[in-house]
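> One-letter residues, chain by chain:
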Amino acid sequence: MQTRQPLVDSPNGEVQLSNDEIARYSRHLIMPEVALDGQKQLKAAKVLTVGTGGLGSPLALYLAAAGVGTLGIVDFDVVDESNLQRQILHGTSDVGRPKVESARDRINDINPNVNVVVHEEALTSENALEIFADYDVIVDGTDNFPTRYLVNDACVLLGKPNVYGSIFRFEGQASVFYAEEGPCYRCLYPEPPPPGLVPSCAEGGVLGILPGAIGTIQATETVKLILGIGEPLIGRLLLYDALGMSFREMKLRKDPNCPICGENPTVTELIDYQEFCGIPQAAAAEQQNGVPEITVQDLKSKLDNGEEINVLDVREPHEYEVANIGVKLIPLGELPQRLAELDQSENFAIHCKTGGRSAKAVKLLQDAGFQNVYNVKGGITAWSEEIDPSIPKY
Amino acid sequence: MPKVKIPTPLRQYTGGDKEVEVGGATAGEALGNLATEHPDLKQHLYTGDGKLRSFVNVYKGDEDIRYLDGPDTEVGDGDELSIIPSIAGGRC
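Quick note, the sequences are listed as chains P and D, same order. Position one of the first sequence corresponds to residue 1 (the working numbering), numbered consecutively onward. Position one of the second sequence corresponds to residue 395 (the working numbering), numbered consecutively onward.
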C-alpha cells in the first residue's frame, strides 16, 4: 500500500495499541492503507505544529483524533475574543488563557493517548533548531513572513519536511516543502514582500472556515507522509478559492540557485529573519518619516475644551457600520478625489481602526498642503479601550 | 487575448475583478498592460526601476514563467496567466 518511504518506520514490537486504542481507531484499522502497522506508525510519530491559531486548530484536532502519538505545539499568545470565529481549538471560556494551555486541554479531551508537548514561547533563530530536532514533521501554521522563512530554513537545515499552509480572506495555499525531495519555500518565494505591502489577516480579514479547509489539507499531508501513502504535495502548490469553490495546482521546481537548498547554499545557519524581512528597517523609516500623532486622551480633552479640531474617519463604510464615533467618513481610497470637501486651514485628527491607514491619510493631506493634521494613535480601537467602552471593538 | 487571474489580495486594485483580459504577446507585455490599465496594481507588481517584484510569481497555466522564458514567455488567446503572491496568514 505504501507508495513511498514512510517518515516513521514501522515500530513493530516497540509500540503496542491497547484494546481501548484498537476500539478508538477501528475505522483506520479496517483500511489496508493504514491498518495496525500504520496506526502504530502514527502513534510513534512526533509532529510539531507551529501556531495554535486558525490553521493550527483543525490540524491539532485532526492529528490528535487520528492518533498521532506526540504532538508539539508552539505558541506564545493568549486566546482573544476575536480568535473564536475560526480558532476551534479554543472556546469562549478560554478567553484570556494561554493558547497552548487551552490547546493542550482540548487535545487531551479528544484523545488522552496523545502526548502533548507544550512550547510556550515565540519561535526564534535561537530555539528553532533545538525545538524542531525532536520531531518527524513540522507543520507551519504561522501568520507572518519572518517566522515562515525561519520555519523553512530550520526544516531545510535539519532535513525535515515542512507542511505549509497559508490563508487570506477567501483564498488559501498549501504545499509540502521538503528539500530532501523537492523545492523549499525559498525556491517559491526567494524574497519576502516589503512590510506593509501585503495585508495581514488582522487587516484584511479571513473567512472563519477557510483555515479549516487548509489546515485539514495540512493534516492530511502530514498523515500521508508519516505512513508513506499516496502522492504528497511535494513540488506542487495547491491553491484554494473558497468563493469560486475551486482548487488549482501549480508546479513547483527546486531552484538550483536557492540560497538554502540549492547547489551552492549561502545560508548555512539560521539568520535574523526580522532583518531579512525588513521589519526593523521599516520601523526606523516610519519613525523618521513619522507623521504627527495625537493620543485619544489628548483628542478627548481638546474636544471637551471646545478646541477647533475636525475628526475624520478613513475606514471603509462597512467598518463604520460596526463601530463609529459619529464623525465624517471618507474611506482612504476615496480621499485623493475628495480633498475638496476638507478645508486646508482647519485642524484635523484622522483615525482608522488602529492607526495604519490614518497615518497614510495624514501623509496624503500633508502632501496636499494641509498644515495641522494629526494621526489618532491606536485608532478607534484605542478610543474604545481608553475613552468610551460603549464603542464596540472589532 | 490572454487572461490574467488576479489573487484576492490584489483584487482591490482591479475593481474587484478576479480575471482580467489584457493584450500582449508575452507574459511581460500582458502584465505591463495590466499595470497600465490598473495603475494602483503597478507598485505591487513592479519595483521602482520597472522589474517584476521577486515575491510575485507569475504562472502560465501551471508552469512558473521563471522556468519558461521569463517575461518573454509567449502567450496567446485563451492562455491563462496567474499571479501567485506571498501570503502569510495562518496563526491569525
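It cannot be assumed that every hint is accurate.
[Unchecked claim] Listed below are the simulated DSS-like cross-link pairs for lysine-lysine, each with C-alpha atoms no more than 25 Å apart in a straight line: (1) Lys302(P) / Lys160(P); (2) Lys363(P) / Lys436(D); (3) Lys397(D) / Lys445(D); (4) Lys397(D) / Lys412(D); (5) Lys300(P) / Lys377(P); (6) Lys360(P) / Lys393(P); (7) Lys46(P) / Lys454(D); (8) Lys393(P) / Lys397(D); (9) Lys302(P) / Lys254(P); (10) Lys302(P) / Lys251(P); (11) Lys393(P) / Lys251(P); (12) Lys328(P) / Lys393(P); (13) Lys412(D) / Lys254(P); (14) Lys302(P) / Lys328(P); (15) Lys160(P) / Lys300(P); (16) Lys399(D) / Lys445(D); (17) Lys412(D) / Lys399(D); (18) Lys399(D) / Lys251(P); (19) Lys412(D) / Lys445(D); (20) Lys254(P) / Lys300(P); (21) Lys254(P) / Lys436(D); (22) Lys436(D) / Lys399(D); (23) Lys454(D) / Lys397(D); (24) Lys397(D) / Lys360(P); (25) Lys399(D) / Lys393(P); (26) Lys363(P) / Lys454(D).
[Claimed, not checked] Distance ranges between label pairs, derived from CB positions: (27) Asn324(P) / Tyr440(D): 35 to 43 Å; (28) Ser301(P) / Gly410(D): 38 to 46 Å; (29) Gly410(D) / Ala282(P): 24 to 32 Å.
Honestly, the hints are just simulated from the structure, not real lab data. It should be emphasised that the depicted structure is a prediction, and the values quoted were computed from it without experimental measurement. Where is the CB? At the ideal position from N, CA and C, for every residue including glycine.
> Hint by hint, say whether it matches the structure.
Taking the hints in turn, this is what the structure says about them:
For the proposed pair Lys302(P) and Lys160(P), the alpha carbon gap of about 58 Å is over 25 Å, so the pair is violated. Between Lys363(P) and Lys436(D) the alpha-carbon distance is near 20 Å, which keeps this suggested pair within the 25 Å criterion. Distance check on the hinted pair: Lys397(D) and Lys445(D) sit about 21 Å apart at the alpha-carbon level, within 25 Å; holds. Only pairs whose Cα atoms come within 25 Å are accepted, and Lys397(D) paired with Lys412(D) is accepted, the gap being roughly 10 Å.
For the hint pairing Lys300(P) with Lys377(P), the CA-to-CA distance comes to about 12 Å; that is within 25 Å, so the pair holds. For the proposed pair Lys360(P) and Lys393(P), the alpha carbon gap of about 22 Å is at most 25 Å, so the pair holds. Of the pairs offered as hints, the one joining Lys46(P) and Lys454(D) is violated, with about 38 Å between alpha carbons and a cut-off of 25 Å exceeded. The hinted pair formed by Lys393(P) and Lys397(D) fails the criterion: a straight-line CA distance of about 41 Å is larger than 25 Å.
Restraint check for Lys302(P) and Lys254(P): not satisfied, since their Cα atoms lie roughly 59 Å apart, outside the 25 Å limit. The hinted pair formed by Lys302(P) and Lys251(P) fails the criterion: a straight-line CA distance of about 58 Å is larger than 25 Å. Of the supplied pair hints, the one linking Lys393(P) and Lys251(P) is violated, its CA atoms being roughly 42 Å apart against a limit of 25 Å. Using a Cα cut-off of 25 Å, the hinted pair Lys328(P) and Lys393(P) holds, with the two alpha carbons roughly 19 Å apart.
Using a Cα cut-off of 25 Å, the hinted pair Lys412(D) and Lys254(P) is violated, with the two alpha carbons roughly 29 Å apart. Proximity of Lys302(P) to Lys328(P) is assessed by CA-CA distance (about 17 Å); at most 25 Å being required, the pair is judged to hold. Using a Cα cut-off of 25 Å, the hinted pair Lys160(P) and Lys300(P) is violated, with the two alpha carbons roughly 54 Å apart. Taking the CA atoms of Lys399(D) and Lys445(D), the gap is about 20 Å. The hint holds against a cut of 25 Å.
In summary, the hint linking Lys412(D) to Lys399(D) is supported, as the alpha carbons are separated by about 6 Å, within the 25 Å threshold. Taking the CA atoms of Lys399(D) and Lys251(P), the gap is near 16 Å; set against the 25 Å cutoff, the hint holds. Taking the CA atoms of Lys412(D) and Lys445(D), the gap is about 23 Å. The hint holds against a cut of 25 Å. Of the pairs offered as hints, the one joining Lys254(P) and Lys300(P) is violated, with about 57 Å between alpha carbons and a cut-off of 25 Å exceeded.
Proposed proximity of Lys254(P) and Lys436(D) is contradicted: the alpha carbons are some 28 Å apart, above 25 Å. For the hint linking Lys436(D) to Lys399(D), the alpha-carbon distance of about 15 Å falls within 25 Å, and the restraint holds. A distance of roughly 10 Å separates the Cα atoms of Lys454(D) and Lys397(D); the hinted pair therefore holds under the 25 Å criterion. Of the supplied pair hints, the one linking Lys397(D) and Lys360(P) is violated, its CA atoms being roughly 33 Å apart against a limit of 25 Å.
Taking the CA atoms of Lys399(D) and Lys393(P), the gap is about 35 Å. The hint is violated against a cut of 25 Å. For the hint pairing Lys363(P) with Lys454(D), the CA-to-CA distance comes to about 39 Å; that exceeds 25 Å, so the pair is violated. Judged by the Cβ atoms, the range 35 to 43 Å given for Asn324(P) and Tyr440(D) holds: they are separated by roughly 37 Å. Evaluation of the 38 to 46 Å hint for Ser301(P) and Gly410(D) yields a pass: the beta carbon distance comes to about 42 Å.
Taking the beta carbon of each, Gly410(D) and Ala282(P) are about 28 Å apart, inside 24 to 32 Å as hinted.
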